[in-house]
Amino acid sequence: MLTLETVRYEQDEFVLSADWSLAPEARVAVIGPSGAGKSTLLSLIGGFITPQSGRLLWDGQDITKNTPSARPVASLFQEGNLFPHLSVYENAALGVNVSLRLSAAEKARVFGALDRVGLAGFEARRPAQLSGGQASRAALARALCQDKPLLLLDEPFAALGPALRHEMLDLVGEIARENKRAVLMVSHEPRDAKHFADAVIVVADGVAQTPQGTATLFADPPKALRDYLGRH
Amino acid sequence: MARRAVGISKATSAVSAALVMLLVLVPIGAVAMRAGFSEGAFAGLGVADWAALKFTVVQAGLSALFSAALAVPVARALARRQFWGRGALVLLMGAPFILPVIVAVMGLLAVFGQAGVLNGVLSALGLPKLQIYGLHGVVLAHVFFNLPLATRLLLQGWDAIPQERFRLAASLGMGSREVFRLLEWPMLKERLPAVVLVVFLICLSSFAVALTLGGGPAATTLELAIYQAFHLEFDLAQAALLALMQLVLVLVVGMVALRLGQVAGFGAGRGALRQRWDAGAPLLKAQDALVLSLAVVFIGLPLAVVVLRGAVQIMSLPASVWSAALTSLVIALGSTVLCIAAALALAASRGRWTEMTGLLGLAISPLVLGTGLFLLVNPYVSPQGLALPITMLVNALMALPFALRIITPEYARAEADYGRLADALGLHGTARMRRMIWPQIRTALGFAAGLAAALSMGDLGVIALFADGETATLPLQVYRLMGAYRMDAAAGAALLLVLLSFGLFALFDWRGRRDADA
Numbered sequence: 000m001l002t003l004e005t006v007r008y009e010q011d012e013f014v015l016s017a018d019w020s021l022a023p024e025a026r027v028a029v030i031g032p033s034g035a036g037k038s039t040l041l042s043l044i045g046g047f048i049t050p051q052s053g054r055l056l057w058d059g060q061d062i063t064k065n066t067p068s069a070r071p072v073a074s075l076f077q078e079g080n081l082f083p084h085l086s087v088y089e090n091a092a093l094g095v096n097v098s099l100r101l102s103a104a105e106k107a108r109v110f111g112a113l114d115r116v117g118l119a120g121f122e123a124r125r126p127a128q129l130s131g132g133q134a135s136r137a138a139l140a141r142a143l144c145q146d147k148p149l150l151l152l153d154e155p156f157a158a159l160g161p162a163l164r165h166e167m168l169d170l171v172g173e174i175a176r177e178n179k180r181a182v183l184m185v186s187h188e189p190r191d192a193k194h195f196a197d198a199v200i201v202v203a204d205g206v207a208q209t210p211q212g213t214a215t216l217f218a219d220p221p222k223a224l225r226d227y228l229g230r231h
Numbered sequence: 000m001a002r003r004a005v006g007i008s009k010a011t012s013a014v015s016a017a018l019v020m021l022l023v024l025v026p027i028g029a030v031a032m033r034a035g036f037s038e039g040a041f042a043g044l045g046v047a048d049w050a051a052l053k054f055t056v057v058q059a060g061l062s063a064l065f066s067a068a069l070a071v072p073v074a075r076a077l078a079r080r081q082f083w084g085r086g087a088l089v090l091l092m093g094a095p096f097i098l099p100v101i102v103a104v105m106g107l108l109a110v111f112g113q114a115g116v117l118n119g120v121l122s123a124l125g126l127p128k129l130q131i132y133g134l135h136g137v138v139l140a141h142v143f144f145n146l147p148l149a150t151r152l153l154l155q156g157w158d159a160i161p162q163e164r165f166r167l168a169a170s171l172g173m174g175s176r177e178v179f180r181l182l183e184w185p186m187l188k189e190r191l192p193a194v195v196l197v198v199f200l201i202c203l204s205s206f207a208v209a210l211t212l213g214g215g216p217a218a219t220t221l222e223l224a225i226y227q228a229f230h231l232e233f234d235l236a237q238a239a240l241l242a243l244m245q246l247v248l249v250l251v252v253g254m255v256a257l258r259l260g261q262v263a264g265f266g267a268g269r270g271a272l273r274q275r276w277d278a279g280a281p282l283l284k285a286q287d288a289l290v291l292s293l294a295v296v297f298i299g300l301p302l303a304v305v306v307l308r309g310a311v312q313i314m315s316l317p318a319s320v321w322s323a324a325l326t327s328l329v330i331a332l333g334s335t336v337l338c339i340a341a342a343l344a345l346a347a348s349r350g351r352w353t354e355m356t357g358l359l360g361l362a363i364s365p366l367v368l369g370t371g372l373f374l375l376v377n378p379y380v381s382p383q384g385l386a387l388p389i390t391m392l393v394n395a396l397m398a399l400p401f402a403l404r405i406i407t408p409e410y411a412r413a414e415a416d417y418g419r420l421a422d423a424l425g426l427h428g429t430a431r432m433r434r435m436i437w438p439q440i441r442t443a444l445g446f447a448a449g450l451a452a453a454l455s456m457g458d459l460g461v462i463a464l465f466a467d468g469e470t471a472t473l474p475l476q477v478y479r480l481m482g483a484y485r486m487d488a489a490a491g492a493a494l495l496l497v498l499l500s501f502g503l504f505a506l507f508d509w510r511g512r513r514d515a516d517a
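For the record, the sequence lines run as chains A and B. Be aware that the first sequence starts at 0, since it is given in numbering that gives the first Met the number 0, and climbs by one per residue. Be aware that the second sequence starts at 0, since it is given in numbering that gives the first Met the number 0, and climbs by one per residue.
Simulated from the structure, these hints should not be mistaken for laboratory data. Among the hints, erroneous ones may be present.
[Claimed, not checked] On the chain B side, residues computed to face chain A include the following (Cβ under 8 angstroms):
| hint | residue |
| --- | --- |
| 1 | 158 |
| 2 | 161 |
| 3 | 167 |
| 4 | 169 |
| 5 | 170 |
| 6 | 172 |
| 7 | 233 |
| 8 | 275 |
| 9 | 290 |
| 10 | 416 |
[Stated by the list, open to error] A few chain B positions that, by computed beta-carbon distances, are all more than 10 angstroms from chain A:
| hint | residue |
| --- | --- |
| 11 | 14 |
| 12 | 52 |
| 13 | 117 |
| 14 | 162 |
| 15 | 164 |
| 16 | 182 |
| 17 | 185 |
| 18 | 216 |
| 19 | 217 |
| 20 | 227 |
| 21 | 276 |
| 22 | 314 |
As the structure is a prediction and not an experimental result, all values here were calculated from the model. Idealized CB from N, CA, C, for every residue including glycine.
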C-alpha cells in the first residue's frame, strides 16, 4: 500500500501537497487543470523529484530517498517509453534486466508479456516500425516485465484516438487485475476516468486531494472539480 | 514557397558566389598549370616530398584519434555533472578555437618544453627530460586545439539524447555502464566518425604548429614543405607541385567528410543541464572530477603561463611589435568586412551551391591559395608589395565557411518570419536589408564578425609566404622574436596578441548582442 504522509513539494511559485493512502490493487485516475501538478504527483511517486517535506511509504517502509528503480513502481510516460535503437523484444527485456542477459525462464517471461499485449511475432521490430497503438502495447509489455506492484501512467495513450485509447485502458485494467497491481493514471479526459478508475484524485489549487470513489465524486462534484469540468 | 524579393538582389548574390569561386579556383588553376607543365605530373617528387605526405597523414591521424578518444570522457563528465563553474568550463572549451596558434605554441613550450614546468617537475624527481619537438609535439599541440572542439561536438550529441530516455533508464534501474551501452554508445557510434574526420581534415592543413614544433626531414607537413620550397629555396615549381599534392589530399578527405555530413558544424554544444540518476556513485564522481581537472589543467595552464609571463613584459615592448599589431588590426578589420559582406550576399541567395562555395574555403589550405595568388601576380607586380591585401583576402575566405554557417540559418529565419510583411510593405533592396534583415540577424552577425576578426588576427599562414623583412603581422612578429630567442619580448607580444584577438571577438559579439530584439 502506498502512503503519502504530509508530502509537500515546492518549486518557485509552484506548490503541491498530498496526504493520503492508496488501497492495494486500486485503479485510480488523477484529474485536474493543466499545470496543477498531475505529472508532478507522478514524478514524486516515481522518484524523479523529491519532496521538501513529508514522507512516502510503501507497506510502512520509507521510500522517500529511494532512487526511481528502487521503488515499487513501473512508469509509462507521455513519450519516450521505448529506445528507438532496440528491438521490441529488447525493450521489453529491459524490464527484467537492464544488462539484457536473460535466463531461459526470463526470456520466456518476456515472450509471455509480449504475447499478452498482442505483440507475438513483432519481437524483432524496431519502435519506428510500429503503429502508435503497437508502440503503446510494447511499452506496456515492458512495464509488465518490470514486475512492480504499482503502475504509473502519465498519459501514455494521449496521442491515440478515443477508441484505441479505451482499448488500451481495458488492456491495462485486465493486466493489472491478473497480476494484482495497482494503477495510478493521469488523464485529462473525465470519460476515461469514469471508464477506467474506481477512485479519482483531483489535483487543483496546490493540493492532490484524497482519492474518492469515482461514481460518488462525479454524482456530486466538489467545487474544484466543477470548475475544471466547467459545469455549474 | 512563393517567390519573393530578397534583401540583396539575386544578381548581387550570384556575382559574389562567382567571385568567391574565382578567388578560390583561379589560384588553384595557376598552381596546377605551374606544377603540371614544368615538371610533368608527379614525376618531380623526391623522397622528402613523399615523406612530407606521409608525415602529414600520420600526424593528422594520430591527432584526430587522440582528440576524439580523450574528448569522450571529458564530454561525458560535462554532460552528467552539475557544478559551480560548469558554464565557464564550457566557455573555456570554446577559447582555443579563436586562440592564435603561435600563442598556444608558446604556452605549450612553457609547460612541456625544454625548460618548461613539466620538465622542471620531472628533473626534480630525477626522471629524464621530455622532448617536445617532432611528431609528438605536433600531435600534442593539435590535441590542445582539437580536444576542446571534439568535446563541444560530442556535447551536442549528448544534448541530442532526449531527457525522457535518461528518465526511462532511471526507472529501469540502469547504472552508468548500461546507460553508456544503451544510450551513450549508440550516439557516439553515430557521431565519432564525423568528429574524427573533422579533426583529421583540420590537422591536414597544419602549418604554424608544424613550423614551430615540427621541422626537419622527419616532421615536415606538406604545408610546411610548400613554405620551405617557396621561402627558403624559392623553387616555385616545387612549391606548386607540393601545393597540388596538398590540394588532392584535402579534397579527397573533404569529399569523404562531406558524404558523412556534419563537416562544417563546428562545436556549438551548449551542454544543456540534465538531471541524471545513473552516475551518483562516489567512484564515478571522483572519476569525472579527475577527468575535468586534467582537462582544465591541460587547456588552462598553457594559457595562464602565457598571460603571466607576458604581463611583466607588455609595458616594455619594442616598437616593431606595436607597428605589427597595427598592421594586424588593419588586416583583421578589413578581412572581417570582406568576410561578412560575402557571407551576407551568399546567405541571401540561399542556394545549395552557395554553401558549397563557402565550404571550399574550409577545404582549401591558405598556403595553396597563397602560392596560387603569388604565381598569378608575380609576373606583373612584386608580390611582397601585395602581402597585406592578399593576407586580408585569404583570411576572409578562410573565415567564410564559419560565417556562412552562423548567418545563413538566421537570414532564412528572418525571411520566413517577416518576409511576407516586408513584401506587403514593398520593402526591397537596401531598405529591406537595413530595416528588416540587419536588425533581425545582428546577434549572429556580431558573433560571426567576432570569429572572423579573431581568426584573422591570429593567423600565421599566408603572411609567412609573402612578408619581407619589413612587413609583419603580430603573429609573425611573435614567431620572429621566438626565432631570435628574445623570449621575454615574444611573451609580451603574445599576450598583446591574445588580448587583441579575444578583445576583437568580444567587441563584435557584444555589439551584436547589445539592444538585440529577439
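Evaluated hints:
1. Because the beta carbon of residue 158 (chain B) sits about 15 angstroms from the nearest beta carbon in chain A, more than 8 angstroms, this interface hint is broken.
2. Because the smallest distance between the Cβ of residue 161 (chain B) and any Cβ of chain A comes to about 6 angstroms, under 8 angstroms, the interface hint for this residue holds.
3. Interface restraint check: residue 167 (chain B) against chain A, minimum CB-CB distance 6 angstroms, threshold 8 angstroms, status holds.
4. Taking 8 angstroms as the C-beta cut-off, the interface hint given for residue 169 (chain B) holds, the closest approach to chain A being about 4 angstroms.
5. Restraint check, residue 170 (chain B) versus chain A: the minimum CB separation of about 5 angstroms is within 8 angstroms; hint holds.
6. Taking 8 angstroms as the C-beta cut-off, the interface hint given for residue 172 (chain B) holds, the closest approach to chain A being about 3 angstroms.
7. At its closest, the beta carbon of residue 233 (chain B) sits 58 angstroms from a beta carbon of chain A; the interface hint therefore is violated under the 8 angstroms criterion.
8. Taken as an interface hint, residue 275 (chain B) does not check out: its beta carbon lies about 11 angstroms from the nearest beta carbon of chain A, beyond 8 angstroms.
9. Annotation: interface hint on residue 290 (chain B) violated; nearest CB of chain A at approximately 24 angstroms, more than 8 angstroms.
10. Evaluation of the residue 416 (chain B) hint against chain A yields a violated restraint, the C-beta minimum of about 28 angstroms exceeding 8 angstroms.
11. At roughly 45 angstroms from the closest C-beta of chain A, the C-beta of residue 14 (chain B) stays outside 10 angstroms, upholding its exclusion from the interface.
12. Listed as a non-interface residue, residue 52 (chain B) keeps its Cβ farther than 10 angstroms from every Cβ of chain A; the least gap is roughly 39 angstroms.
13. Separation of residue 117 (chain B) from chain A is adequate, the least Cβ-Cβ distance of about 42 angstroms exceeding the 10 angstroms criterion.
14. With a closest Cβ-Cβ approach of about 8 angstroms to chain A, residue 162 (chain B) is found to fall inside the 10 angstroms limit, against its non-interface label.
15. Listed as a non-interface residue, residue 164 (chain B) fails to keep its Cβ farther than 10 angstroms from every Cβ of chain A; the least gap is roughly 6 angstroms.
16. At roughly 8 angstroms from the closest C-beta of chain A, the C-beta of residue 182 (chain B) falls inside 10 angstroms, breaking its exclusion from the interface.
17. The Cβ of residue 185 (chain B) sits about 5 angstroms from the closest Cβ of chain A, inside the 10 angstroms cut-off, so the non-interface label is violated.
18. With a least beta-carbon separation of about 48 angstroms from chain A, residue 216 (chain B) lies farther than 10 angstroms from that chain, consistent with its non-interface assignment.
19. No Cβ of chain A comes within 10 angstroms of the Cβ of residue 217 (chain B); the nearest lies about 45 angstroms off, and the non-interface call holds.
20. Remark: the non-interface label on residue 227 (chain B) is consistent with the geometry, its nearest Cβ contact in chain A lying 50 angstroms away (cut-off 10 angstroms).
21. The non-interface label for residue 276 (chain B) is inconsistent with chain A: the shortest C-beta to C-beta separation is roughly 6 angstroms, within 10 angstroms.
22. No beta-carbon of chain A comes within 10 angstroms of the beta-carbon of residue 314 (chain B); the shortest separation is about 50 angstroms.
Taken one by one, the earlier hints fail for this structure at numbers 1, 7, 8, 9, 10, 14, 15, 16, 17, 21, listed in ascending order.
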